[in-house]
Amino acid sequence: MPLTIKEVEHIASLARLQLSDAQKERYRAQLSSILDHIAKLKELDTRDVPPTTGGSLTEMPLRADEVRAGLTLEQVLANAPEKHGDQFKVPPVFE
Amino acid sequence: MCVLCGKKNMTSLNELSLTQMQTGLARGDFSSRELMQSTLDAVAKHDPALHAFLHVASERAMQDAIESDQSPISNSRSLRSLPIAIKDVLSVENLPLTCGSKILEGFIAPFTATSVKKLQDAGMIVIGKTNTDEFAMGSSTENSAYGRTNNPWDLSRVPGGSSGGSAAAVAARLVPAALGTDTGGSVRQPAAFCGVTGLKTTYGRVSRYGLVAFGSSLDTVGVFARSAEDAALVFSAMAGRDPLDATSADVTVPKINFDKTDLRGLRVGVPQEYFIEGMQAEVESAVRAAIEQMKSLGAEIIPIRLPHTEYALPVYYIIAPAEASANLARFDGVRYGPRSEADTLWEVFFKTRGEKFGAEVTRRIMIGTYALSAGYYDAYYGQAQKTRTLITRDFEQAFASVDLIAAATTPSTAFVAGAHENNPLAMYLEDVFTLPANLAGIPGISIPAGFDNNGLPIGLQFLAPRFREDLLLQTAHVYQQVTDWHTRAPKF
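If you read the protein sequences in the order shown, they are chains A and F. Yeah, the first sequence ends on 95 if you go by my numbering, and it's all consecutive. Yeah, the second sequence ends on 492 if you go by my numbering, and it's all consecutive.
Read the hints as simulated data drawn from the structure, not as lab findings. The structure displayed is predicted, hence computed values, not measured ones. Backbone N, C-alpha and C define an ideal beta-carbon position, used for all residues, glycine too. Heads up, a few of these hints could be off.
Okay, the calculated beta carbon distance ranges per label pair [claimed, not checked]:
#1 F:ARG330 x A:HIS84: 47 to 55 Å
#2 F:LEU425 x A:THR4: 54 to 62 Å
#3 A:LEU44 x F:LYS45: 50 to 58 Å
#4 F:GLU421 x A:LEU44: 31 to 39 Å
With a Cα cut of at most 20 Å, we get these calculated PhoX-like pairs of lysine-lysine [unchecked claim]:
#5 F:LYS295 x F:LYS351
#6 F:LYS45 x F:LYS491
#7 F:LYS295 x A:LYS24
#8 F:LYS45 x A:LYS89
#9 F:LYS255 x F:LYS102
#10 A:LYS24 x A:LYS6
One-sided and incomplete, this derived list gives chain A residues near chain F with beta-carbon spacing under 10 Å [to be verified]:
#11 PRO2
#12 ILE5
#13 ASP21
#14 LEU44
#15 PRO51
#16 VAL67
#17 LEU71
#18 GLY85
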């Protein structure tokens, strides 16, 4: 089932990806063929099969609720594209 | 002159295997500094043709080596001073961490991954970060934003991926060992393409603290080396429970001994689903020959079925992109990495991600977002997770009657760069024999088992039950005692 450009735009919007018109068309075609391949799964009857959750068979481990040293403020901010004092700086959220 | 044998024009130090380096250092045949100099010289000389490295930490590595020379290495089992390269998806404090992506250009890691830390604590020296498909998504390293790595057996071909830089560096004898990661085959497939030994560990066996997450229910840290014995050294040093990774398993890491010289008593399953139409004839015959050889070493060969194998690819290409779309949401141009210029925060997200992610990463984020979006979750993600259970059960049933599974690592040998450029699905098909192990969480190994008519290496894959890396490594070692495929070096 081929995707429409509108669907591609919706997915890109959910994923916060800016795409050019040429990219939208290319991804529309490529994603459609990948989804066609994936559709093979629908032929399996899995009504009585429990889903796998997580990747591990081990039990959920618990740890003591203790304070542990993390990164320093300086380390956390070291890779910031823009900062203001001890904070990350971003453009305005609202006009 | 060779310091080990005294002959002229023989092996230079960087060409020694990990175990040979251990012996040489402990015997005092050469110093840590000499070993490091030879390694760094080899990288400087050959990496321009290979492009296996994204960053070489020459000064720091040399300093570490000089420091190590301050006290003698008395134990020939010590890992001290042994060089290792690290795939650039694992953090090493104060070194760049790019994940092969423009979205992390300039990022300097503030801490070290536990897997790497354990090797450093044992004395190993990190010499650099190796090339990878962007965020480990790919099977060729062509998806690296910093240019692809070339296969040392034929520079026009890809080294496989995503850990292609690590595989090529070990194959070319620049380093004796390197770390990689395997989410769908990213250690085993490049190991096969480059003719080296590549171990994918059990899910949960090695800590992932400090590994940039791709598919959280699939990601594993693995190792490349020139032999199973060498790989075991690195594996044993980095395996085990880590309080910093809640998904790491508290399962004892057995001491692996390599005393066995035959395979008597070993039941080896051969799955018919791993011999498919369209498979390269030389790969099939090399794998069948290897299985015959295992039989002559005393193994019992048992045909088995893994009936849901054909569903592994569609299951993987729902689960891995779904998890990736969530994991990669953190790259938004706010806290780290470069930021695209924009007037509002909203535009920063869209522009930064739109401009800095490459095509394959964008594709996978979109597939994952679609599969998880309202109205499609049950049909895609839900159905994939149920089918994943069936794939896991296939292996559980198989391992009720066999100890180990043997098959090809890949359907064909290394392909020419650009061959799958406009066909992402064809690229995904490269991983049909490696994906199932990730879905089931079991360990696997790829070892060299021959060459095709173009002189390209062929990979033989073993799979074992969870936490049985010991069995994989021991079996591979027995095979490597009676074959010399793993000792062949490329001339490039």
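Hint check results:
1. In this structure, ARG330 (chain F) and HIS84 (chain A) break the distance hint of 47 to 55 Å, their C-beta atoms being roughly 21 Å apart.
2. Between LEU425 (chain F) and THR4 (chain A) the Cβ separation comes to about 20 Å, which falls outside the hinted range of 54 to 62 Å.
3. Our hint of 50 to 58 Å for LEU44 (chain A) and LYS45 (chain F) holds, since their Cβ atoms are close to 53 Å apart.
4. Taken as a hint, the range 31 to 39 Å holds for the pair GLU421 (chain F) and LEU44 (chain A), whose Cβ atoms sit roughly 32 Å apart.
5. Between the alpha carbons of LYS295 (chain F) and LYS351 (chain F) the distance comes to roughly 58 Å, so the proposed pair goes past 20 Å and is violated.
6. Annotation: proposed proximity of LYS45 (chain F) to LYS491 (chain F) holds, straight-line Cα distance about 14 Å (limit 20 Å).
7. In summary, the hint linking LYS295 (chain F) to LYS24 (chain A) is not supported, as the alpha carbons are separated by about 54 Å, beyond the 20 Å threshold.
8. A C-alpha spacing of about 43 Å is found between LYS45 (chain F) and LYS89 (chain A), which places the hinted pair above 20 Å, so the restraint is violated.
9. For the hint pairing LYS255 (chain F) with LYS102 (chain F), the CA-to-CA distance comes to about 41 Å; that exceeds 20 Å, so the pair is violated.
10. At roughly 9 Å between alpha-carbon atoms, LYS24 (chain A) and LYS6 (chain A) fall within 20 Å of each other, so this suggested pair holds.
11. Annotation: PRO2 (chain A) was flagged as interfacial toward chain F, and the flag is violated, the nearest CB pair being 13 Å apart, outside 10 Å.
12. The interface hint given for ILE5 (chain A) is broken, as the beta carbon of that residue sits about 13 Å from the closest beta carbon of chain F, more than 10 Å.
13. The interface hint given for ASP21 (chain A) is violated, since its Cβ lies 13 Å from the closest Cβ of chain F, which is over the 10 Å cut-off.
14. The beta carbon of LEU44 (chain A) is positioned within 10 Å of a beta carbon in chain F (closest approach about 6 Å), and the interface hint is therefore held.
15. With a least beta-carbon distance of about 4 Å to chain F, the hint placing PRO51 (chain A) at the interface is held under the 10 Å criterion.
16. At its closest, the beta carbon of VAL67 (chain A) sits 14 Å from a beta carbon of chain F; the interface hint therefore is violated under the 10 Å criterion.
17. Checking LEU71 (chain A) against chain F by beta carbon gives a least distance of about 6 Å; that is within 10 Å, so the hint holds.
18. Here the hint on GLY85 (chain A) is broken, as its CB sits about 15 Å from the closest CB of chain F, past 10 Å.
Of the numbered hints stated above, those contradicted by the structure are hints 1, 2, 5, 7, 8, 9, 11, 12, 13, 16 and 18, listed in ascending order.
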